[in-house]
Structure formats: C-alpha cells, structure tokens
Amino acid sequence: MSAELPLWPSLRILVAGDLILDTYGIGHVSRQSPEAAVEVLDLFEWQHRVGGSGNVALNLAGLGLDVHLLATVGQDPEAGILRDLLQNAGISDCYLGALSDVPTTHKTRFLDGKRHLLRVDREQRNPQHPGIDLHLEHGLDLALEGCDALVLQDYEKGFFNPERIARFIQKGRERGIPICVDPKHLHFWEFKGVDLFKPNLKELEQALQRKIRTETSELEEACAEARERLSCRLLLVTMADQGLCWMDDQGFGRLETKPVEVVDVCGAGDSVIAAATSAYAAGMSVQDIAAWSNLCGGLACLKSGTQPLVLAEVLSHLNSLPT
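With our numbering, the residue at position 314 of the sequence shown is 314, and numbering never jumps.
Please note: incorrect hints may appear among the correct ones.
[Stated by the list, open to error] The list that follows gives simulated cross-link-like pairs (lysine-lysine, BS3-like), each with its CA atoms no further than 30 Å apart: (1) K192 / K211; (2) K184 / K107; (3) K184 / K202; (4) K171 / K192; (5) K184 / K171; (6) K192 / K202; (7) K184 / K114; (8) K114 / K171; (9) K184 / K211; (10) K202 / K107.
[Unchecked claim] Cβ-Cβ distance ranges computed for the label pairs, FRET-style: (11) D241 / H185: 16 to 24 Å; (12) G253 / H317: 19 to 27 Å; (13) L43 / Q250: 50 to 58 Å; (14) D133 / F252: 35 to 43 Å.
No lab work stands behind these hints: they were computed from the structure.
Note that the Cβ used here is the ideal one computed from N, Cα and C, for glycine as well.
The task is simple: from the sequences and hints, build the whole structure.
Have a look at this one:
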C-alpha cells in the first residue's frame with residue numbers, strides 16, 4: 001500500500017443511517033453493595049461521544065473528507081448533545097431531522113477504568129415512523145447534491161426499512177454515486193446492487209445461516225454466494241483478529257492482520273467502512289482498499305470506546321511500517 005495516501009482531499013461523502021449518542025460513566029469499583037451482590041461504582045466522570053452513523057461521519061471527517069450526515073434524532077437533551085459534538089467536529093446538523101415522539105437513541109456504558117460493567121440502552125425502534133419518510137422527502141435529494149459516495153450505516157434502530165433502502169439505492173444509481181453499506185442482520189439482503197458491502201464474519205454467518213470455517217474453502221464459497229445474491233461489486237468481510245477478505249469480479253483475496261493489544265473493538269466497524277468508502281471513492285485498487293481498511297480498523301481497536309480516526313495518526317503509523 002502506498003505511503004502517499006490520501007487521494008481524496010476534495011471528495012464529499014453523505015452518510016445516512018441510525019445516529020446514536022454514546023455516553024460513558026467512568027469510575028472505580030472498590031467494594032460490593034451491602035444491599036445486593038453487585039459492585040458499587042464510584043462515578044467520577046461522564047463522557048459523551050457520537051455513535052452509529054455519526055461515528056462513521058466523524059471517521060470520514062478525521063480522514064480529511066467533506067462529510068454530511070443524514071439522520072434523525074429526538075427533541076430532547078441528548079439530541080442537543082449530539083448536535084454540539086457534530087458541529088465541534090465540523091459536521092453540519094442541517095440534515096438532521098427532529099422527531100417529537102421518538103427519543104434520541106442513547107447507549108450509556110458504565111466502566112471501572114477500562115472494564116465494561118453495564119450498558120443501558122434508551123431507544124424506540126419504529127421503522128415505519130412517517131416522520132422519517134417526511135424528512136427524507138424534504139432532505140435526501142438536497143443532501144445528495146455533489147456527493148462522490150453514499151454510506152448507508154444500519155444499526156437496526158429504525159432508520160431503515162426495505163422501502164427506504166430501495167429509495168436510497170435508486171437515488172444513488174440515478175446520480176451514478178457509489179453506494180457503500182455497513183449492514184446488520186435484519187436488512188442484510190435488502191441492500192442489493194450496491195457498490196461496496198461490508199459485513200463482519202458474524203453477520204455473514206447469520207445471513208447465510210451457517211457457521212463458516214475461515215481456514216477452509218468455506219470462506220471463499222460463502223463470499224461468492226453472498227456476492228451473487230447481493231449483486232454487489234465488492235464484498236469486504238472483516239474477521240476481527242483474522243484480518244479481512246474480499247471478493248470482486250477478479251476473484252477472492254484475503255489479508256491477515258498483525259497482532260495488536262486490543263483496547264476496545266467498539267466502533268472499529270465504523271472506522272473500517274469509513275476507510276473503505278474513502279478509498280473506494282478515490283478509485284484505489286481493491287488490494288489497497290483492503291489494506292487501508294485493515295490498517296484503520298486495527299488502529300481503531302487501540303482506542304477506548306467510540307473514537308474517530310485522525311489522518312495524521314494513520315499516516316504516521318503507515319509510514320512507520322516496514323517496506
């Protein structure tokens with residue numbers, strides 16, 4: 001992979017999907033409660049971060065691209081926190097729709113140092129909510145103007161349903177915009193005809209309803225089946241500490257990852273789809289797309305919680321690699 005990356009300083013990317021506020025309650029456990037067999041967390045810090053599609057947008061912005069985010073939030077304090085965090089990162093909130101009767105999706109994690117104790121979710125999944133369709137009716141065409149790629153980030157929190165997915169794909173095709181997808185299980189097979197499709201191994205196994213032994217021909221066979229059913233140009237499958245693999249018209253390929261001391265895998269998939277999208281939109285080779293995505297995903301695992309990539313850090317690491 002070339003050390004002269006990036007090649008995308010003028011590219012504009014639209015990210016659409018489930019927007020999440022990630023909150024971290026950080027403290028220290030030194031005793032158990034006398035009231036029940038549970039640990040007592042002495043809380044000393046709250047941290048708020050952008051999650052879901054917003055974290056993909058922050059990763060793209062951190063890599064130096066012009067990014068816009070199309071999503072919905074509630075009309076609550078959590079939405080205000082998200083808007084402030086996005087604006088601080090240089091991402092406009094002009095394409096965020098506010099729903100009066102649905103709360104902002106909010107994940108709160110409690111940590112004893114780096115040890116994850118508990119996660120509390122506040123969400124209301126309503127994929128048929130008419131407010132989302134109204135928001136897309138007013139904002140989708142405008143948001144797509146001048147875009148070089150579209151990212152669809154599905155966290156199964158209600159932003160996507162089959163009709164909206166078909167609409168996004170149709171709009172992207174009409175404009176000749178590459179469509180890159182990070183799926184979950186529920187709508188896995190709905191994203192047909194996209195350009196880049198990036199599940200992880202677990203999601204691929206769930207979709208195909210079978211276990212895949214990665215050190216056998218089963219992996220290539222699974223990729224071929226999935227790519228044929230999806231009619232996607234490039235299938236990119238992340239496999240945690242086993243690296244990643246891909247399949248396109250030229251065939252199957254695989255890239256091992258170098259062992260790292262993983263701090264937290266939370267948000268690593270967001271970093272991978274951001275890296276893959278930037279590389280795909282810049283016209284890089286499939287091998288370089290895979291290498292760049294693998295590098296960025298590995299670096300994301302060195303960070304605690306959802307933290308976006310920073311281009312200078314990635315390039316510094318890239319330049320330090322042996323040639």
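Checking one constraint from the list: CA of K184 to CA of K211, max 30 Å. Satisfied? Roughly 17 Å separates the two Cα atoms, so the pair holds.
I want to verify a distance hint. Is the separation of the beta carbons of L43 and Q250 within 50 to 58 Å? holds (53 Å)
Hinted pair, alpha-carbon criterion (30 Å max): K192, K211. Please report holds or violated. Holds, because 23 Å separates the two Cα atoms, which is no more than 30 Å.
Please test the hint of 35 to 43 Å on the beta carbon pair from D133 and F252. Because 39 Å falls inside the window, the suggested range holds.
Measure nothing beyond the straight line between the CA atoms of K184 and K107; if it is 30 Å or shorter, mark the hint as holding. Holds, at roughly 18 Å.
For the pair supplied as a hint, K184 and K114, confirm whether the alpha-carbon distance does not exceed 30 Å. Judged against 30 Å, a Cα distance of about 27 Å means the pair holds.
Measure nothing beyond the straight line between the CA atoms of K202 and K107; if it is 30 Å or shorter, mark the hint as holding. holds (22 Å)
Is 16 to 24 Å respected by the C-beta to C-beta distance linking D241 and H185? holds (22 Å)
For the pair supplied as a hint, K184 and K202, confirm whether the alpha-carbon distance does not exceed 30 Å. At roughly 10 Å apart (the allowed maximum being 30 Å), K202 and K184 satisfy the hint.
Hinted pair, alpha-carbon criterion (30 Å max): K192, K202. Please report holds or violated. holds (19 Å)
Range agreement (Cβ of H317 with Cβ of G253, hint 19 to 27 Å): At 22 Å between Cβs, range holds.
Pair hint K171 and K192, alpha-carbon separation not exceeding 30 Å: holds (14 Å)
The earlier numbered hint that this structure contradicts is number 8, and it is the only one.
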